[in-house]
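Please work from the sequences and hints to get the whole structure.
Going down the list, the protein sequences come from chains P and S. In terms of the working numbering, the first sequence opens at residue 2 and continues consecutively. In terms of the working numbering, the second sequence opens at residue 2 and continues consecutively.
For the record, the hints were derived by calculation from the structure and aren't laboratory data. Just to be clear, a hint being listed does not mean it is correct.
Same chains, same label: a pair holds when it works inside one copy or across any pair of copies.
[What the hints assert, rightly or not] BS3-like mimics (lysine-lysine), calculated; alpha carbons at most 30 angstroms apart, straight line: (1) K315 <-> K371; (2) K371 <-> K387; (3) K311 <-> K69; (4) K69 <-> K315; (5) K276 <-> K225.
Just so you know, these numbers come straight off a predicted model, no measurement behind them.
2 protein chains.
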Amino acid sequence: MKGNKRIEAARGLEFPWPPRIDLGEMSFQFHLMKTEKETGARLGKIVTAHGEFETPTFIPVGSQATIKSMTSDDLIEIGVEIISNNSYHLYLRPGHRIIEQLGGLHRFMNWNRPILTDSGGYQLFSLGQLREISKDGVTFQSHIDGSRHFINPEMAIEIQQSLGADIIMSLDECIPYPASYEYTLRSTSLTTEWARQCKEAFRGNGQALFGIVQGGMFEDLREKSARELREIGFDGYAIGGLSVGESPDIMYSMVSYTAPLLPRDNPRYLMGVGKPEDLIDAVKEGIDLFDCVIPTRNARNGMLFTSFGKLVIKNARHSTDERPIEEGCGCYTCRHYSRAYLRHLYTAREILAMRLNTIHNLYYYVQLIKGLREAIRRDNLLHFCKQWNEKREGKDDL
Amino acid sequence: MKGNKRIEAARGLEFPWPPRIDLGEMSFQFHLMKTEKETGARLGKIVTAHGEFETPTFIPVGSQATIKSMTSDDLIEIGVEIISNNSYHLYLRPGHRIIEQLGGLHRFMNWNRPILTDSGGYQLFSLGQLREISKDGVTFQSHIDGSRHFINPEMAIEIQQSLGADIIMSLDECIPYPASYEYTLRSTSLTTEWARQCKEAFRGNGQALFGIVQGGMFEDLREKSARELREIGFDGYAIGGLSVGESPDIMYSMVSYTAPLLPRDNPRYLMGVGKPEDLIDAVKEGIDLFDCVIPTRNARNGMLFTSFGKLVIKNARHSTDERPIEEGCGCYTCRHYSRAYLRHLYTAREILAMRLNTIHNLYYYVQLIKGLREAIRRDNLLHFCKQWNEKREGKDDL
Chain P
2 MKGNKRIEAA RGLEFPWPPR IDLGEMSFQF HLMKTEKETG ARLGKIVTAH GEFETPTFIP
62 VGSQATIKSM TSDDLIEIGV EIISNNSYHL YLRPGHRIIE QLGGLHRFMN WNRPILTDSG
122 GYQLFSLGQL REISKDGVTF QSHIDGSRHF INPEMAIEIQ QSLGADIIMS LDECIPYPAS
182 YEYTLRSTSL TTEWARQCKE AFRGNGQALF GIVQGGMFED LREKSARELR EIGFDGYAIG
242 GLSVGESPDI MYSMVSYTAP LLPRDNPRYL MGVGKPEDLI DAVKEGIDLF DCVIPTRNAR
302 NGMLFTSFGK LVIKNARHST DERPIEEGCG CYTCRHYSRA YLRHLYTARE ILAMRLNTIH
362 NLYYYVQLIK GLREAIRRDN LLHFCKQWNE KREGKDDL
Chain S
2 MKGNKRIEAA RGLEFPWPPR IDLGEMSFQF HLMKTEKETG ARLGKIVTAH GEFETPTFIP
62 VGSQATIKSM TSDDLIEIGV EIISNNSYHL YLRPGHRIIE QLGGLHRFMN WNRPILTDSG
122 GYQLFSLGQL REISKDGVTF QSHIDGSRHF INPEMAIEIQ QSLGADIIMS LDECIPYPAS
182 YEYTLRSTSL TTEWARQCKE AFRGNGQALF GIVQGGMFED LREKSARELR EIGFDGYAIG
242 GLSVGESPDI MYSMVSYTAP LLPRDNPRYL MGVGKPEDLI DAVKEGIDLF DCVIPTRNAR
302 NGMLFTSFGK LVIKNARHST DERPIEEGCG CYTCRHYSRA YLRHLYTARE ILAMRLNTIH
362 NLYYYVQLIK GLREAIRRDN LLHFCKQWNE KREGKDDL
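Next comes the structure, spelled out in structure tokens:
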């Protein structure tokens, strides 16, 4: 029986679709398995109603109930363990009620592994037009049709409960960069207040609720935010409001300052980050989860990650190169297609270019994560990072 | 050994790619296996250096060395046996010499089954700008960068020999509709002259060369064209210049008139056709091969073929419909995704919509072809057609 369940979870559901899993029977768990000797890096395990996975892990971004160009089977073959989805997008289209009626997000998009949904906070502040923020919530215009909408913390939770992801996020204000101390203080207090309302509205029911630490680029406000969220109590803690335009140094120092303020026995999630080097740095600081559009968006723009640096597929030097993107890479793309062909597809603006490039970049991230986990397990993370840096030093094909 | 070859042909090549197959060792064959009792429908077999397939068959169009959004493995899973490629597109980008240097089209695009290339005639007349036609050939401007090019029959063959497809086409002028008798006569004579030059330039070398019958909508010119091409002698004969804007009745009468003028022991290829009903009608007249962008282009535009008629996925009625496009359909899309999800992907303009829709439509065409072959085998084609029509009568979801 357990064996059957495992097989089912390892591939896409087939018509007639099985009934929706009752999340209520399950409970979210995080097990901290070890902390690396020389760094703060952590090896953990997250258990959800839709299966378990090790941390650190990277969460590919599926904004509109799809990782662009990928089927579920593609993602499973690549080794993706959890994906994110975007409440803001799904609330507007097709509507969370429709997805609920269809048995939730997992059934809707035929993804039988864990899903995380964000609260929409980031999109409200980056995509929403004519945005008006008040103590009660956010009024905004849809980027699709200009229609007016209002979202408050209670609704952010209600939407995410309808969608039925395994991990859901409280509503926050993502502070733009740069921002004054006064603005950041006011906004961070609002995020705490909203987090409290989210927690009150949250019914549990097998889902996990994460709080989001804000505080801009001010250490004392990060501390205040982390403390207040800990007091409310969440299943996990995210660090938000980074990778919004600040320098890598500032981002790194904020992660490094904030991570130790978070409870040891809950997962720590660095939102919207990042490049491979950012992941490595943040893992060292004890971050467990990441999500970012970089591997997928860069793939669609023809920028490919390899162990020797970045490769820009449109460059003319690839036009007669029979090698795969990276020799020895086990991804579907590298096993079947040459750089010359990928360059042709990209310059001819063919859809297949986006798909094959996405497969490669996601596989690269999955392999990097596997390498990091293994290094933590063996207590040789610093050595791993040194080797990783040496291999790619100065060889970017930009 | 033969078993190994079969396995290799059944999936994409893996890096390091095996050497290019020497077409020169093989020879193209067509075996007419039977003619159906009540109609002129034929069951045949084509043997090429890259494997064999039964006829009638449908050839999906891969303009730029890719069936848009499909990997080779997708096509193999769907049951596609042969694809076409476009000389005009590949001559301009990436260039036939580059593809030759990379070991030919099969290796370049990692498609190990038969390929047909057209001569570029159709594209020269539909895409080329500032086109000037003379007895010697065609001068045109690239639709990509406006650069000036000249192609004559000898070069059309040279390009296709570089690409290395299993079946190549002679250069023709695709006559626009409507056209006067005088224009059509002059143009058809030119196509014959070009066909003669193509035959002279053709080195064989394991490839098959097909001639293209023109003659516009005039029976006597179709007869003249067919007779002249037969005199030159080709491995197969195409009917060109149809599906260019004429009514279905005129097209049908031209196919019906022209097909019997072609040699019994060579394959007959109706170019650029068509809708499922066109295929059925033309099979009855003894046509063996078809190619058309309809299944793939319509898929990208959200128009899906089913046994009960066409389904327009963007229609609101599908927004909460949990059923697959067609219950009982064995395609990957129908086995894994609901109409509701496909509608969402389409309205959200997601890349995955194009891919999942393309899988379904190509699978539909493959199944239709299988049904036609089986009906010919059993001598009950008219019964098959009657049932096929009854099932879809008046139920289009347009």
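Hints, one by one, checked against the model:
no.	hint	result
1	K315 <-> K371	within (29 angstroms within a copy, 41 angstroms between copies)
2	K371 <-> K387	within (16 angstroms within a copy, 58 angstroms between copies)
3	K311 <-> K69	both (21 angstroms within a copy, 26 angstroms between copies)
4	K69 <-> K315	both (20 angstroms within a copy, 19 angstroms between copies)
5	K276 <-> K225	within (28 angstroms within a copy, 66 angstroms between copies)
Comparing the model with each numbered hint stated earlier shows that all of them hold.
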